[in-house]
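Chain by chain, the residues run as shown.
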Amino acid sequence: MTDAELVVRTRTGDPEAFGTLVSRYYDACWRFAYHMLGERADAEDVVQESFLRAYLAIARYDERDQFRGWLFRILTNQCRNALTSRGRRTRRFVQDDIALETAPAAPPGPATGMEDAALVRALAQLDPAQREALLLKYAEGLEYSEMSAMTGAGESALKMRVKRGSERLRVLLGRSLEDPPFGSSGEPSA
Amino acid sequence: MAENPDLTFEPMADDDVLVARMRASYRMLPAPSVAQIERCTRGVLASVAAGATEGSVAGAHGTSGTQGTRRSGGLLLRPQWWWGVAAAATLVVTVMRPWRGAETQRNADSAFAAGTAAALPVGSIRDEGDGEIRFDLTLPTAARAVAIVGDFNGWDETKTPMAKRGADGTWSVRVPLSPGRYSYAFVVDGREWLVDARAPQVPDAGFGPANAVIVDGAE
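Protein chains in written order, with my numbering: chain E, 1 to 190; chain V, 1 to 219.
Worth flagging that the hints you see were computed from the coordinates, not collected in a lab.
Glycine included, each C-beta is placed from N, C-alpha and C at the ideal position.
Among the clues, some could well be false.
Said to hold, decoys possible - Here are a few chain V residues that face chain E, going by a calculated C-beta distance under 7 Å:
#	residue
1	Met22
2	Arg23
3	Asp168
Stated by the list, open to error - Here are some chain E residues the structure puts well away from chain V; computed CB gaps all over 12 Å:
#	residue
4	Asp62
5	Arg73
6	Gln125
7	Ala149
Just chain E, same shape as in the assembly (with noise of 0.2 Å):
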C-alpha cells in the first residue's frame, strides 16, 4: 500500500494505517533524530512528537508531496525545537553567561555503544543548522532543492552550511578522520 493510500486511512482513522506509516518511517526518522541531538532519549521524544504532529496535521498534508519530506520537515523543525528548549533549560542553571557562550557542547550519551560516538561528538560541537544541513545533504543524501523545500533555507545558504559544516566537522575529527574507525566501505575494520 502506498503512503498516499495509507494517509487517505490514517484521515479517516484507521490506527493500523497510521502503525504502518510509523513503522515504515521511524527507522529513519529515529537515526537522524539521534545524530542531530546526541542523545537516545530526546531522539525518542522528537520523533514521537513529530509523528504526532504529523497526525494532528495530516488533513493538511499535500498528497503531491512525498510523505517522507513532509514528515522530515516536522521532524527537522521539532529537532530545532528540542535544540532551543535545551539551550533554554541550560541557561537557566548557569550562572555565567559567558561561561555558556564559550563552553563546548556536552557530550552526548551514548546510544548503543555501536555508532561512531567520535563523529556524533564533533557533530554536537557544530552550529545545528551546519549540522542540519550536513545530515541532510551526506546521510540522507538530498539534493538542495529538496533540503531546500524542507528548512525553507536557500540552496545557496545550504551549500555554505554543508561546505562550513564539514570543514569544521574535519577540523573536530582531526586524525581521526584521515584513520577512520571504519574502512572508506563504512565496514569495521579486522
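Following the hints, complete the assembly by docking chain V onto the known chain E.
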C-alpha cells in the same frame, strides 16, 4: 554566522570520506525495536484520543522534560488525559492486536528452524556488483503479479514489478541502489504484503505489514 548567498560551492576532495563515515554511523545503529515503534504509535494515538490538538501540542512544545507535566513514553501527558489514555489502550488491545507481529515472526522462525522453509515465501538478495541488487522471492503458491516496494520507490507497488523466473515460483528484479539503508517488502497480486523473513534485519513487525531492511545497498 553570515552566509554569502553568491559564493560558489566547491566540494572538497575528501567529502566522500565524511559521507562514508556519516552513513556508516547511521548503519551502525541497530534497527529500532518493535517495542520502541509500538511505544511511539501508542503514545501518538493516546494523545489524540485524549484530545490533543495542534494548539495544545504547540503549547507543550519546547518544554519536554520540564515541570508540571508527566512523561509517558517520552510524550507529555497532562493528568486529565489519563482517561483518554485508558480508552486508547483498550483500542490498541482490541483492534490493533500488537502481539500479532511477534506471533508471525515466531511462526516464521520455528518453520525455518524445522527446515520447512520451502513451505513459506522465501526472499533473498544478492549484490550483482554493478550497482544493482537482485531481489528474489520464491512463493509456494501461484501468483499473477509480484512487485517490490520500499524506500527506494516510494512504496509504490506499480513502479518495480518482479518477473517470474522458471516454473519454481521464483520472482526476480534488479534494482539500482546507491549505498544506503532501505526498508522493503514484497506485494503479491496487489494485496498480500510479505516480509522477507531472511533479510538481514526485520525491525518492525508490530503494526500491520512488516518491512525488512537491506543495509549497504550496492556498496
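For each hint, the structure was consulted:
1. Met22: 4 Å, holds
2. Arg23: 6 Å, holds
3. Asp168: Where the cut-off is 7 Å and the nearest Cβ of chain E is about 28 Å from V/Asp168, the hint is violated.
4. Asp62: Non-interface label stands for E/Asp62: nearest chain V Cβ at 15 Å, farther than 12 Å.
5. Arg73: Label holds. Min Cβ-Cβ 15 Å, cutoff 12 Å.
6. Gln125: Given a closest Cβ separation of 14 Å, the condition holds.
7. Ala149: It holds; E/Ala149 is separated from chain V by about 16 Å at its closest Cβ, greater than 12 Å.
When held up to the earlier numbered hints, the structure conflicts with hint 3 and nothing else.
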